[in-house]
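A.B. asks: Here is what each chain is made of, one letter per residue.
There are 2 protein chains.
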Amino acid sequence: MTFDSILDLARQGSRKKVSVAAAQDSYVLEAVSQAYTRGIADAVLVGSRDKIVDMAAQNGISLDGLEILDEPDDAQAALRAVQLVHDGQADMLMKGHMDTRSFLRTVLDKNVGLRTDRMLSHVCVFEIPGYDHLLFLSDVAFVPYPTLEEKQHLIENAVSVAHACGVDLPKVAVLAAIETVNPKMSCTVEAAELARRYDEGLISGCIVDGPLSFDLATVPEAAAHKNATGRKIVGDADVLIFPDIQAGNITYKCMSHMVNHRSGCILTGTLAPTILTSRSDDMETKVNSIALAAVVASK
Amino acid sequence: MTFDSILDLARQGSRKKVSVAAAQDSYVLEAVSQAYTRGIADAVLVGSRDKIVDMAAQNGISLDGLEILDEPDDAQAALRAVQLVHDGQADMLMKGHMDTRSFLRTVLDKNVGLRTDRMLSHVCVFEIPGYDHLLFLSDVAFVPYPTLEEKQHLIENAVSVAHACGVDLPKVAVLAAIETVNPKMSCTVEAAELARRYDEGLISGCIVDGPLSFDLATVPEAAAHKNATGRKIVGDADVLIFPDIQAGNITYKCMSHMVNHRSGCILTGTLAPTILTSRSDDMETKVNSIALAAVVASK
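In order, the protein sequences belong to chains D and Z.
Counting in numbering that gives the first Met the number 0, the first sequence runs from 0 upward without gaps.
Counting in numbering that gives the first Met the number 0, the second sequence runs from 0 upward without gaps.
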């Protein structure tokens, strides 16, 4: 399965609309413009109309077909962008030219925000040539040290993203350094408990196994070498749940910079999928993230 | 710098000898035989002579030039293999056909073992095409949750391996998910404290910076994007120190299986470098590990 299937899903069905908070950012404008041109999503650009128009002209970005909602003040622009999603006038939210902290404060605003009873978490989707499955990683950016209960929420959020992307019964690997339970490593105990909850039917819509080392989760030959009989996952994981943000982020950055790949990321657990791309992401990754959000919004 | 420079160093100078504990393992025999043939190291095979000779014959492995010390009992073979190193009759130790736990117990034996006042730690060396430096990773296999003091020992051990490999002033990146100190993430506080100890001259023979995200440590373009002025490391790290074994092992396995590379690993902090290869390592990695041990033993 490849990222093209996500792009295809985004292009099918009813067109979704992304609301961009403080849209006067040339990278974000270009991504949104490309997503529009490629039939992936409509957009409403909330921010300073003058700056948006100037920036697009300077960078040769077409604004044809994109709505602009003029709001020169960044904080107000963020609030209005979020409210459009909250009120159902847009289907997903995207961060523009503002710092992440202020953006997230608005996302969580009690009146117009996108808070739900689900936990917020970040899901990254990777296509890696040679690996048969799309890989859904969580959490590499948002939840620092998830508790056992929070890990179950990470699984649920990642699984719902996988479902939206057409992976009907994702295999969820709860990762650790080792594949056996060691009481001195709490993440292995928690991984086994999550696998037990799956066995008891308390986690559904997926298959959960853990603790698993990275190679047992993603490398069929390593799983064969390790004689991993009786395991539910033998190098064929769809979802990777990390012990904490340190392991998640370092692995994610390693995959992003050292492994040939295509990827996209969203924040989930919100009323609507939310996109926070980083400047260092390339344009394709930004467009992929919009497509991923659109697919999740369609579900 | 490439792994060839390590192989060259091993071939230069006086030939070092590896003592193999319970050598009746076809993969280990082949690696040792190749290392001998390629001029990297001599070897003494401690174990069941019958099994060693049979296994070599069955697998077409040449034992020409390799000593055999007949000891059919595995535990005794391990003790004698370690003692050869302890007594200076061999320069490095290698695990053969025995489980890691028993092997390590012998390595740490109070009478004949290789214990020193330094902490034992594991160092992996990666050559990654496109990255200008050899990367020295620690700890991905041995030290589960290093304390601040233990992290300083990880640095010292990895730096001494880097020195032996000809990296005179290695840049040590203490990794985390983020590049700023966050009191809620103890690894960022510890990373900053290690950097401070370097600034005060308490850690020498290297340059220490932290906390650093993986991309700031290893991707010059990302460092430029993030405007990392005033940092000592901007995408040009030699040594990567991980927050804990979960982050270390998962990243290491990701690099081992998803990134094009050449690598080798040793256990250090012992009286002599010690090699524990895994069956799933390919032959080149096993030979590289012997070469790495020989280079460290020469220092």
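Some hints here could point you the wrong way.
[Said to hold, decoys possible] List of simulated lysine-lysine pairs, DSSO-like, C-alpha gap at most 27 angstroms:
| id | chain 1 | residue 1 | chain 2 | residue 2 |
| --- | --- | --- | --- | --- |
| 1 | D | Lys170 | D | Lys225 |
| 2 | D | Lys298 | D | Lys170 |
| 3 | D | Lys109 | D | Lys170 |
| 4 | Z | Lys183 | Z | Lys225 |
| 5 | D | Lys183 | Z | Lys225 |
| 6 | D | Lys16 | D | Lys109 |
| 7 | Z | Lys231 | D | Lys183 |
| 8 | Z | Lys298 | D | Lys109 |
| 9 | Z | Lys225 | Z | Lys109 |
| 10 | Z | Lys225 | D | Lys50 |
| 11 | Z | Lys225 | D | Lys225 |
| 12 | D | Lys16 | D | Lys50 |
| 13 | D | Lys183 | D | Lys109 |
| 14 | Z | Lys231 | Z | Lys183 |
| 15 | D | Lys225 | D | Lys183 |
[Stated by the list, open to error] Take a look, some chain D residues computed to stay more than 10 angstroms from chain Z by CB distance:
| id | residue |
| --- | --- |
| 16 | Arg10 |
| 17 | Arg14 |
| 18 | Ala175 |
| 19 | Val180 |
| 20 | Gly200 |
| 21 | Leu201 |
| 22 | Asp214 |
| 23 | Lys225 |
| 24 | Asp243 |
| 25 | Lys252 |
| 26 | Leu275 |
[Unchecked claim] Covered by chain D, according to a simulated footprint, are these stretches of chain Z (three or more residues, beta-carbon under 8 angstroms):
| id | segment |
| --- | --- |
| 27 | 44 to 57 |
| 28 | 221 to 234 |
Honestly, the hints are just simulated from the structure, not real lab data.
For each residue, glycine too, the CB sits at the ideal point set by N, CA and C.
A.B. asks: All hints, please: hold or fail.
C.D. replies: Going through the hints against the structure:
no.: 1; hint: D/Lys170 - D/Lys225; verdict: holds, 19 angstroms
no.: 2; hint: D/Lys298 - D/Lys170; verdict: holds, 20 angstroms
no.: 3; hint: D/Lys109 - D/Lys170; verdict: violated, 35 angstroms
no.: 4; hint: Z/Lys183 - Z/Lys225; verdict: holds, 22 angstroms
no.: 5; hint: D/Lys183 - Z/Lys225; verdict: violated, 37 angstroms
no.: 6; hint: D/Lys16 - D/Lys109; verdict: holds, 23 angstroms
no.: 7; hint: Z/Lys231 - D/Lys183; verdict: violated, 35 angstroms
no.: 8; hint: Z/Lys298 - D/Lys109; verdict: violated, 63 angstroms
no.: 9; hint: Z/Lys225 - Z/Lys109; verdict: violated, 50 angstroms
no.: 10; hint: Z/Lys225 - D/Lys50; verdict: holds, 23 angstroms
no.: 11; hint: Z/Lys225 - D/Lys225; verdict: violated, 41 angstroms
no.: 12; hint: D/Lys16 - D/Lys50; verdict: holds, 21 angstroms
no.: 13; hint: D/Lys183 - D/Lys109; verdict: violated, 40 angstroms
no.: 14; hint: Z/Lys231 - Z/Lys183; verdict: holds, 24 angstroms
no.: 15; hint: D/Lys225 - D/Lys183; verdict: holds, 22 angstroms
no.: 16; hint: Arg10; verdict: holds, 29 angstroms
no.: 17; hint: Arg14; verdict: holds, 32 angstroms
no.: 18; hint: Ala175; verdict: violated, 6 angstroms
no.: 19; hint: Val180; verdict: holds, 14 angstroms
no.: 20; hint: Gly200; verdict: holds, 28 angstroms
no.: 21; hint: Leu201; verdict: holds, 24 angstroms
no.: 22; hint: Asp214; verdict: violated, 5 angstroms
no.: 23; hint: Lys225; verdict: violated, 7 angstroms
no.: 24; hint: Asp243; verdict: violated, 7 angstroms
no.: 25; hint: Lys252; verdict: violated, 4 angstroms
no.: 26; hint: Leu275; verdict: holds, 15 angstroms
no.: 27; hint: 44 to 57; verdict: violated (count 0)
no.: 28; hint: 221 to 234; verdict: holds (count 3)
The structure fails to meet hints 3, 5, 7, 8, 9, 11, 13, 18, 22, 23, 24, 25 and 27 from the earlier list, while all remaining hints are met.
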